[in-house]
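Novice: The hints should help you fit chain G onto chain L, whose structure is shown.
Residue numbers (this note's numbering), protein chains in the order written: chain L, 9 to 244; chain G, 9 to 244.
To be clear, the hints were calculated from the coordinates, so they are not data collected in a lab. Please note that a few of the clues may not be correct.
A pair counts as met if it fits within one copy or between any two copies, since identical chains are not told apart.
Claimed, not checked - Subject to a maximum C-alpha distance of 20 Å in a straight line, what follows is the list of computed SDA-like cross-link-like pairs (lysine to any residue):
hint, residue 1, residue 2
1, 188, 126
2, 145, 64
3, 145, 63
4, 145, 115
5, 229, 13
6, 229, 52
7, 188, 169
8, 188, 218
9, 229, 111
10, 145, 160
11, 145, 165
12, 145, 65
13, 145, 172
14, 188, 98
15, 145, 117
Number of protein chains: 2
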Amino acid sequence: MAASDLTIGFDADDTLWHNEVIFEQAHERYRALLAQYHDAATVDRTLFGVEMRNLELYGYGIKGYTLSAIETAIELTGGRISAGEIRGLIELGREMLAHPVNLLEGVAETLAALAPRHRLVLITKGDLRDQERKLGKSGLAVHFEHVEIVSEKNAGAYRRFFQRHGIAPGRFLMVGNSLKSDILPVLELGGAGAHIPYHLTWAAEHAEQPVAHPGRLFTLKHMRELPGAVQSWAGL
Amino acid sequence: MAASDLTIGFDADDTLWHNEVIFEQAHERYRALLAQYHDAATVDRTLFGVEMRNLELYGYGIKGYTLSAIETAIELTGGRISAGEIRGLIELGREMLAHPVNLLEGVAETLAALAPRHRLVLITKGDLRDQERKLGKSGLAVHFEHVEIVSEKNAGAYRRFFQRHGIAPGRFLMVGNSLKSDILPVLELGGAGAHIPYHLTWAAEHAEQPVAHPGRLFTLKHMRELPGAVQSWAGL
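Chain L on its own, in the form it takes in the complex (with noise of 0.2 Å):
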């Protein structure tokens, strides 16, 4: 097999870069603010539920959170949460948008030595302006031929993707976090998966692990091991 047809596909969100910890950052200033109406196990229950309410309608990303926490805390407090405490929600939503971007360790170096090699490509998911806006604060566009925000990481958005870009599944390796949206639908469709789990998972994206797909299904521990996986995948 010739490296040089193989496609590396990248998750983005705690694959490349941090994300999940700004959402739980925020939510403990959340809960602090809510505390004195309802325990944080209510707090996150009862938030978790408006989001997964809201989910078909807004998508994912900071602006949709951003309206199912005020939503949350107007229902949690009885409609007794003040207008200021709203517009602190509304400020806490855009600290989050205008977060600085801290890449995972080893990615850059990662990336730089499997692009001259491999074809690289990014494929995530939620808010269009807020993912391209972290593309290019990361410094590592250049790394990828190209880049698809999608509403949805699912088998159907994967087929898509090949047909258009003329990808043999075969052919294609995708690397996440998320076993529900980075590697159960690549595997699927015939692709190979390398999953790195991060610390924080939210639970939208739980999944349980898959079948062992031996020679298809690389669970690292750390973005440096993945040229080593690449190597194993394509035999060379």
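Specialist: Frame of chain L; chain G shown alone:
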């Protein structure tokens, strides 16, 4: 010039389906909510200022509009707006997102007539999921070879689109209601434009009518005039 090497790009909101009327209807309710505090002109001017201040972070679309509307309402009422009224604004945003898609008159027939003879593409900006949902509801997706949802429609975005799809600008005609987003950047790159004004234009889309570009700029009253403009442009 063979018909088959021509690409016709379409804007979506207020070109294929009604959009600004949905914002206008929502805005009427918004003005009524704030009428006890401020006159309509002050509400309009303040909201537009907040939207423009937030545009870089929020991008286009209904979620950003809703967040800016809440922020503006808190500001204009000096924090006296109630949590229940803010919940009403969140509900208003959801109603906008769930609004039925109403095609402009003549659109379905015109696309069906052009699709067998030319390559049709859709290039729109806004919320990813919202635009995908509207395209799905519209029944028009079958006519488009490519659909691009971008965060801004400027010359750079069109240039990247041309490169990605191997389109020569001189073989490209863009159809849309916004001089600023649909017509001027394409003319700048050497393409052609068919401008079909909509009866409402968001202030942020305002642009001066460009100087004449004989044979490259067509101003149409109605989508039904498009096939004639395409023939005239292509010398068919």
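Novice: A separate judgement is required for each hint: does it hold in the structure or not?
Specialist: How the hints compare with the structure:
{"no.": "1", "hint": "188 with 126", "verdict": "neither (25 Å within a copy, 39 Å between copies)"}
{"no.": "2", "hint": "145 with 64", "verdict": "between (29 Å within a copy, 14 Å between copies)"}
{"no.": "3", "hint": "145 with 63", "verdict": "between (27 Å within a copy, 18 Å between copies)"}
{"no.": "4", "hint": "145 with 115", "verdict": "within (14 Å within a copy, 40 Å between copies)"}
{"no.": "5", "hint": "229 with 13", "verdict": "neither (26 Å within a copy, 49 Å between copies)"}
{"no.": "6", "hint": "229 with 52", "verdict": "neither (28 Å within a copy, 53 Å between copies)"}
{"no.": "7", "hint": "188 with 169", "verdict": "within (17 Å within a copy, 30 Å between copies)"}
{"no.": "8", "hint": "188 with 218", "verdict": "within (10 Å within a copy, 49 Å between copies)"}
{"no.": "9", "hint": "229 with 111", "verdict": "within (16 Å within a copy, 51 Å between copies)"}
{"no.": "10", "hint": "145 with 160", "verdict": "between (23 Å within a copy, 17 Å between copies)"}
{"no.": "11", "hint": "145 with 165", "verdict": "between (26 Å within a copy, 18 Å between copies)"}
{"no.": "12", "hint": "145 with 65", "verdict": "between (28 Å within a copy, 13 Å between copies)"}
{"no.": "13", "hint": "145 with 172", "verdict": "neither (27 Å within a copy, 23 Å between copies)"}
{"no.": "14", "hint": "188 with 98", "verdict": "neither (30 Å within a copy, 30 Å between copies)"}
{"no.": "15", "hint": "145 with 117", "verdict": "within (16 Å within a copy, 44 Å between copies)"}
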